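Q: Read off the chains here:
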Amino acid sequence: MKKLLVLLLGLALVFTFAACGGGGDEPAEDTPEESGEAAETGDFKLGVVLVGDENEGYTWAHMEGIQKACESLGIDHTDSNQVVWKYVVPEDESCYDACIDLVDQGCTLVITNSYGHQSYAQQAAAECPDVTFISMTGDTAALSGLPNFKNAFNYTYESRYVGGVVAGLKLQELIDEGKVPASAIDADGNYKIGYVGAYPYAEVVSGYTAFYLGVKSIVENVAMEVQYTNSWFDITKEAEAENALIADGCIITSQHADSSGAPSAAQAALEAGTTVYHVGYNVDMLAVAPDAALTSAQNDWSVYYTYAIGAALNGEEIDTDWAKGYADGAVMISELGPSCAEGTQEKVDEVIAGLIDGSINVFDCANFTVNGETVTSFMAIDVDGDFVGDEGEAIEDGIFHESTLRSAPYFSLRIDGIKELN
Amino acid sequence: MSDIHGGKDPLVRIAKRSTISKPKAWAIRLISLLLALVVCAILIYSIVKMNPLQVYVSMWKGAFGSSRRAWITARDVMMLLCIAVGLAPAFKMKFWNIGAEGQILVGGIVTAACMIYLPQLPGPVLFLVMLAASLLAGAVWGVIPALFKARWNTNETLFTLMMNYVAIQLTSFCVAKWENPPGSNSIGVINQTTHAGWFPSLFGQAYALNVIIVMIITVAMFFYLRDSKQGYEIAVVGESQNTARYAGISVGKVFIRTMIISGAICGLAGFIAVSGASHTISTSTAGGRGFTAIIVAWLAKFNTFTMILISLLLVFLDKGAIEIATAYNLNDYASEMITGIILFFILGSEFFINYRLIFRGHHKEVE
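Heads up: the sequence lines are chains A and B, in that order. Residue numbering for the first sequence is 367 to 788, as defined by my numbering. Residue numbering for the second sequence is 8 to 374, as defined by my numbering.
One chain only, chain A, in its complex shape (with noise of 0.2 angstroms):
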């Protein structure tokens, strides 16, 4: 017995040096350096805090905008002397430690991108004064009055508006080719068209009304229904969702979730016989939906991630909220899909340009109505807590700007013609 013991003793510790030995050949390439490579960037190192990882949409299109990045800055994101990575981050207290840990690993900057994260990031950057906080999507920076405290956002609204108007002139193709049914068409005349939303607050209200109004732009009789699924990536949920607006009859319909749940669906109803077309969000969906994807709204995130950590880098202040748009090459659509009605791309580009010079506004108060009236006046920003908006006028010579004041997106107003289902 003992000398069995003995024996297999003596093999576990022949396996580990042999394995040990085998791994000790190989050049440590990938593994931390304790040299000090890191010279040309100085003492600066970033600490990236994700929600999940290369696997989710969302944090993929954010982790190739920080690769991109440091690319462009001479930063070497595999180094884990220059930049630290923190993958599936849950929204808690992990975040918390997740964040001071990488202060106590000498990041001088630290991004964390995912809404939820923000109290966590903004905790640590109360505790942590000397280094740099960017929340990605948050929304409490400026008010937070801590001068480390960042949040940034992108006019998502104005890819949504443009996915809106290529949905609006597909929808225009088979209004124009009579393959419209009439479960598409409500008591009022108008063309059923449906969003896929993940929460009822006013980043996604923001972009679902951008939408709408993308597609109103072309087809000027459009009702939309939102259907919210209650969580930002869940592809059984968001297929649901997608389901039963299709069964409702809408014939368009679009994304504010992380999967590919709503797109797959708006595929499988296509190929049975339903006519459907989607708009996506963060990815290029015709790998899912190669008929029934229109295009995806997307986010170039690498825009504000080269003007961030550059800031950075260089000892400058990082802007307390900062926001683009097309203006800046922060939004994008992705390829428009086979599907896509003809003629489609000019128009984009045209839409595109108009946003640009500003001849275009997406919230202009002329183009909706909340309860049959213009509106004139909206408070943005809430200072009590209250949640209802106390200052900040966002409306200006008729013209709702949205993510000027606070990057976050604020336009909360339910508008007329969309209704929400739950």
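Source of the hints: derived by calculation from the structure; they are not laboratory data. None of these values were measured; they are calculated from a predicted model. The C-beta atom is built at its ideal place from N, Cα and C for all residues, glycine as well. It is possible that part of the hints are untrue.
Said to hold, decoys possible - If you want a taste of the chain A side facing chain B, the calculated C-beta under 10 angstroms gives, among others:
#1 446
#2 448
#3 450
#4 456
#5 458
#6 464
#7 466
#8 488
#9 489
#10 492
#11 685
#12 686
Let chain A serve as the given structure and place chain B on it in line with the hints.
A: Positioned in the frame of chain A, the structure of chain B alone reads:
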């Protein structure tokens, strides 16, 4: 036995051990841990071509690399331990309390409610209110299945499981009620500026109080189970309900009393999770730890001191896995494989502690 079949002895026979000495049992566990590390080493090298020793070193660093990391590890160990200690009496009397998740959540909900609605109370008073409320909430959540079991002999496994879903829905409801900002489906850090209802720092450590509370309960539960009359009754009910009845123990009463204690401690774990760690409540506050703690309690054979070691091992593996993913840009799944292999070997070692292999030819035992 071979004579019965008239054939040869099988190559290996398995026989139950009657007893095993403590050092021998621990030797088996140690060997299985070493073997697990060897298998992981082979896997690490063959898949990602990395030096396994270096990987193990980073795992160690991930859990204990700095005093802050060590404290975070301690905080998570205490959380898991607290739940396991809470489950111990229930499982010892073979009451399958799968409902720790729900008991943690209701404890967390009432704690969060106190933080949100009573921040004006003085710190120590608020602390006691939260403590009492969470104990009560957890006890209520635990005693309901026990009452039904005692009265109508309902299946407690299904009942406690269903109570989890009720608690999860209740949490969703509260999150929707308290969410900040509306529609975001998260509450965020409660009392971020005032820190009302947060555990105070002791000796300069934010999580020292977590450790103190859980250690007190761990020690108390150890003696409760070992030395008290109630602890003895729990053991008898666990061994055989009929024996218990014959000995004049009211089985239903023991169920109810024990589940009040078990639920209350799990509720307390919710209090520690909300007030002492996350300062928020969400449906993921329990985070599956109510189930992991079952493994801890069983592996430790309800010895609360052994539970410390096992909780530490599980949390260590978890922290280590996170660190490997970061340090080597590996996907989470790679490090979870390592965790899985180590757990497999440790669970497997229990087989060799309970049974022995007898090889054909020599009639000597081998493990």
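Q: If a hint holds in the structure, say so; if it does not, say that too.
A: Now the hints, each set against the structure:
The criterion of a C-beta within 10 angstroms of any C-beta in chain B is met by residue 446/A, whose closest approach is roughly 6 angstroms, and the hint holds. Interface hint at residue 448/A: violated, since its Cβ lies 13 angstroms from the closest Cβ of chain B, which is beyond the 10 angstroms cut-off. For the restraint placing residue 450/A at the interface with chain B, the shortest Cβ-Cβ distance is roughly 6 angstroms, inside the 10 angstroms limit, so the hint holds. Of the supplied interface hints, the one on residue 456/A holds, with its beta-carbon coming within about 6 angstroms of a beta-carbon of chain B, less than 10 angstroms.
With a cut of 10 angstroms, the hint placing residue 458/A at the interface with chain B holds, because the nearest CB-to-CB distance is about 5 angstroms. Here the hint on residue 464/A is kept, as its CB sits about 9 angstroms from the closest CB of chain B, short of 10 angstroms. The restraint placing residue 466/A at the interface with chain B holds, with a minimum CB-CB distance near 6 angstroms, inside the 10 angstroms limit. The restraint placing residue 488/A at the interface with chain B holds, with a minimum CB-CB distance near 7 angstroms, inside the 10 angstroms limit.
Given hint, residue 489/A at the interface with chain B, holds; its Cβ is 6 angstroms from that chain's nearest Cβ, closer than 10 angstroms. A hinted interface residue such as residue 492/A counts as satisfied when its beta carbon comes closer than 10 angstroms to some beta carbon of chain B; here the least separation is about 8 angstroms, so the hint holds. Contact between residue 685/A and chain B, as hinted, is not supported at the beta carbon level, the nearest pair being about 22 angstroms apart and thus beyond 10 angstroms. Because the smallest distance between the Cβ of residue 686/A and any Cβ of chain B comes to about 18 angstroms, over 10 angstroms, the interface hint for this residue is violated.
Comparing the model with each numbered hint stated earlier shows that hints 2, 11 and 12 do not hold.
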